[in-house]
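**Q** Below, each chain spelled out in residue letters.
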Amino acid sequence: MGILLGMARLHRKAGAAVCAVLGLAIVPLISADAQADATYAAVAEATGTRVILTNQSIPLNVAPQLQGPTASAVQNSLQQSDAYAAFPYPGEEVAGIPGVVGGAAGVPLPAYPFVIATSFGDGAKQLSYPGIELRAESTETLTQSTATGGSTGAGGTSSARVARDGDDVVAKAVTDLDALRIGESLVISGLHAVATASRDSAGKLTRASELSFTRLSAPGFVIGLTNGKFTLQNGTEAPAQNDVPLAQIAAALSGAGYPTTFQVPQETPDGIIGAGLQIQTTLPAPPAGTPGGFSGETPVTYTIGLLRAEVAYTVLPTTPAAADTGVDAGVDAATGVPGAPALPTTDLAGLPGTVPVLAPVAAPVAGIDLASLQASRAAVGSDVGWIYLMVAAVGLAAVGGCAVLYRGAR
Amino acid sequence: MPLLDWARTQWDRALGALAVLIGAILLLVGWMKISDTGFVSEQLPYLASAGLGGVFLLGLGGMLWLSADLRDQWRELRGIRARLDATADLAE
Amino acid sequence: MSSISLGEARAGTSRTARARRARLHDGPEPWSRRDAVAVAVVLLLALIGLVIGWLGVSDTVDLDSQTGWLGFGIAAVILGGFGMVIWLLLGLRRVAVLRREVLTELDRRHPKPVRTPGVLTDGQQFGTVTGMRRYHAAGCQLLEDKAPSFAAASVHAEAGLLPCPICTVGGAPPPDVPPNNTGGGRA
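Chain order of the listed sequences is A, B and C.
For reference, each letter of the first sequence is one residue, going 1 to 410 in my numbering.
For reference, each letter of the second sequence is one residue, going 1001 to 1092 in my numbering.
For reference, each letter of the third sequence is one residue, going 2001 to 2187 in my numbering.
Each hint can be trusted.
Cross-link-like lysine to aspartate or glutamate pairs, in silico, DMTMM-like; alpha carbons within 25 Å at most: (1) A:Lys204 to B:Asp1036; (2) B:Lys1033 to C:Asp2059; (3) B:Lys1033 to A:Asp168; (4) A:Lys204 to A:Asp165; (5) B:Lys1033 to A:Asp167; (6) A:Lys125 to A:Asp165; (7) A:Lys229 to A:Glu210; (8) A:Lys125 to C:Asp2064; (9) A:Lys204 to A:Asp167; (10) A:Lys229 to A:Asp243; (11) B:Lys1033 to A:Asp165; (12) A:Lys229 to A:Glu267; (13) B:Lys1033 to A:Glu140; (14) A:Lys204 to B:Glu1042; (15) A:Lys125 to A:Glu140; (16) A:Lys125 to B:Glu1042; (17) A:Lys204 to A:Glu140; (18) C:Lys2146 to C:Glu2158; (19) B:Lys1033 to C:Asp2064; (20) A:Lys204 to A:Glu267; (21) A:Lys125 to A:Asp176; (22) A:Lys229 to A:Asp178; (23) A:Lys125 to C:Asp2059; (24) A:Lys229 to A:Asp176; (25) A:Lys125 to A:Glu137; (26) A:Lys204 to A:Asp168; (27) B:Lys1033 to A:Asp200.
Hints in this document: simulated from the structure, not taken from any laboratory.
The whole structure should be built from the sequences, with the hints applied where relevant.
**A** Here it is, written out as structure tokens:
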């Protein structure tokens, strides 16, 4: 009897010790903050080429445009994960016509077919047509899209990717074009453009961009572009010569009938807009009697590069939203979405006014507004920490119940 | 090693204590992981694995420890009853 | 259930006990192999359900799907808890049955001297402990290892307490309750 009593006391002490340990274990659970401040918003967008045509015979001064391959990715800490890929993309106005017309007529019309989009929770989607490959993927930590158009050797690929790994966020936009013919005699090949913005866990922002092509051939000369420096090449396979001043390149291109504007990379408060080239040419007038009344010469503007990568992060509480950065970002009156900031340009040809002002890359994605993000996050207050505590309490109750049962069993 | 000997002879209690320990650690680790992220979609997997798994292990540990006690009582009572039976047989 | 029996009936009672034991579980452990297998299967199913729920939650970022899989995991934990409770209840019940059997047999072999039914007088002092529903004679086992407070029976009765049927304060114990049966410790 004495032994039994002794064992019972021992077990009671052991049970009390276990309860004390578990009780101590629950203390950090209660005291710790279950909601980490991980508010961020990231954008990556890449458009291979953007072509804008202007012709006086087109009614209402509409300037048709065509762009692609286009890829964009938007991801933020509010579980927004929008990926988008399109090729060819005729611009929001044209692509939205089926919806507008269908809505007005009350008849559901098929949407613009050469586009794919995913949002948070959609996973991966793919769309394939002959010569077109579109992919988009949205998960909680990864948003990416890729648009490929054309064929091997004469095609292009744009990809946009936002990835979060722990507290690190990386936005990256890439465009590769095998070959691009502008007008009758200008050919750009081996074009490669990259824009990257990344934030580490401390909120430090790192930017990088690149615009290069292996050769640009125009009547009379061949040049290459690497890291913002033009080089003159003699013939197809000739090695690159020393750097050539921009003015000479501009004069040469202008003389060849291709007024060109080169834009240096532009750092934004939260990222970078990569270098860009804007080349203008003019299509000859169509023969008289062309259907649709189309007549006269058609100036065409090609825009290359201008990839965008931005990551806004919460650890910089003084960092204003993109709209408050001092750079005139402009805001779409209809959507309230800030557009890309206007960039200072380096007019190589010295022909102001001959090249249309660079419009921002068509952005079907929203800009970054950190303040509203934080506000809406606070409103949502989504966190399962309290559920976890309840589950843990159930576990402790199970152990406590066992202790009670144990005493009963003795 | 006294601990190993104890674990060998008291395997059910050892398993029970181990399960409770792992369960408690799992709960703590899960909480830390959940605290690391603000995404509900990232928190829920930890709730499903560390949270529910921890609770399961805590319950299992308690069950094993109680089973060991019941087993001990069972043996003691059976021993007493065997002695009673033996004396009864002698009396017959 | 056997109770206090006469000397010549001992052998017969012992045989009866053995016959009943044969009907009940009588293994080296409170649980039979069948019990162990059944509970192990339930626990295994619960564990598999937990893993499936976890994989399901991890495999999607859609909140609705995740919630569904989380519910699956919770159901698995409930199933596991059910298995554990069944296991413990089986063990507790069988140990209790065996204990009752042994105590009954002990009581049959070594009956306590029949005590004269107690007569309640205000001169006698009876003890009770906070939380008890009954009051007991000074030598009652149920007061062992406790710090009782003593008072007259009428005082306890006014406080709503009942006399202990085991220590025969209120008369002879019921015929089917052995005097030394603690009844699982409840008083």
